[in-house]
Amino acid sequence: MTEQSPAASELSDDELRSYVASRSWYHTVELREGIETPGWFDTRPTAKALPWPELSGARCLDVGTFEGFWAREMKQRGAAEVVAIDILDPRKWDWPAGSTAELLATLGERKQHGEGFHFVNDALGGGIEHRELSVYDLDPATVGEFDMVYVGSLLLHLRDPIGALERVRSVCGDGARAIFVDAIDLGLTVRHPRRPHASLDAVGRPWWWLPNAAALRRMVEAAGFEVRWESGPIYLRPGAGQRLPRYAPWMPFTRKGREIIVTRLRGNPHAAILAVPSRAA
6 MTEQSPAASE LSDDELRSYV ASRSWYHTVE LREGIETPGW FDTRPTAKAL
56 PWPELSGARC LDVGTFEGFW AREMKQRGAA EVVAIDILDP RKWDWPAGST
106 AELLATLGER KQHGEGFHFV NDALGGGIEH RELSVYDLDP ATVGEFDMVY
156 VGSLLLHLRD PIGALERVRS VCGDGARAIF VDAIDLGLTV RHPRRPHASL
206 DAVGRPWWWL PNAAALRRMV EAAGFEVRWE SGPIYLRPGA GQRLPRYAPW
256 MPFTRKGREI IVTRLRGNPH AAILAVPSRA A
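Just so you know, the sequence shown maps onto residues 6 to 286 in this note's numbering.
One or more of the hints may lead you astray.
Using C-beta positions, here's what the derived DEER-type ranges look like [to be verified]:
no.	residue 1	residue 2	range
1	Gly237	Ile266	16 to 24 Å
2	Gly180	Glu107	40 to 48 Å
3	Ile167	Pro56	17 to 25 Å
4	Gly132	Pro198	37 to 45 Å
5	Ser14	Val232	38 to 46 Å
6	Gly62	Gly131	12 to 20 Å
7	Val232	Glu59	14 to 22 Å
8	Ser175	Val232	16 to 24 Å
9	Gly62	Ala253	51 to 59 Å
10	Ile167	Pro11	35 to 43 Å
11	Ala106	Ser27	21 to 29 Å
Restricting the straight-line Cα-Cα distance to at most 30 Å, the calculated cross-link-like pairs of lysine-lysine (DSBU-like) are [to be verified]:
no.	residue 1	residue 2
12	Lys97	Lys116
13	Lys53	Lys116
14	Lys261	Lys97
15	Lys53	Lys261
16	Lys116	Lys261
Treat the hints as calculated values from the structure; they're not laboratory data.
As the structure is a prediction and not an experimental result, all values here were calculated from the model.
Beta carbons: idealized from backbone N, C-alpha and C, even for Gly.
Build the full structure now, drawing on both the sequences and the hints.
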């Protein structure tokens, strides 16, 4: 545990509820029966929809772990060892030129130096190793190789998503599997179901390339993976911590408004891919 956060296992139910309500969360995680974090996303339905390989005895990696929902998911599925990595210092994220110090501080508050991960890990019995490490710095010489790698909702925030995927491939062992779940541009996916297209943001915040589903697949292939399974659009359900604006008449006529409508009705559009390292790479 960190000096700033209490040990979850030592709190009463009322104290646990009070602490959970006092800070922001990215993932929705049930800490005890009837007590869960009000996450920005509730990824529990998404986890049930993915084609998980057999993980009994596997060594697994969760890239961009935040509070560790996906690391815990792999642990619960029988993984013998789970390593979770993240970048806690927001100054080390991929910020475009023109980003403000105020926005950097606001987004950095969500990480809170990894307190959320350590709190959740303690509440649920530990067993997951946390390292502050960038996906760009993954190297088998320092972290070893893995049987299973999960990368979720991360590529959108990277200046060089294909370079990051290449580093993921570098730590995949023989017979490894990788699951990628990332945001997609739903409009481009509908208009161009087979041809790769992507929109670029990079204005003031670390939101970079938003691909259509075909481009997400191509990115994975370009980094040296063979796709074994892919979903259609899937939707990450908003959690209790995500306050969406109410419907307004202007929304159907703007891109931002349409995104809000889709998120309110179904969730944030993503696509999922199960892949293996390509022998030809």
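Compare the structure with the hints numbered earlier in the document and write down the numbers of the violated ones, lowest to highest.
Structure breaks no hint.
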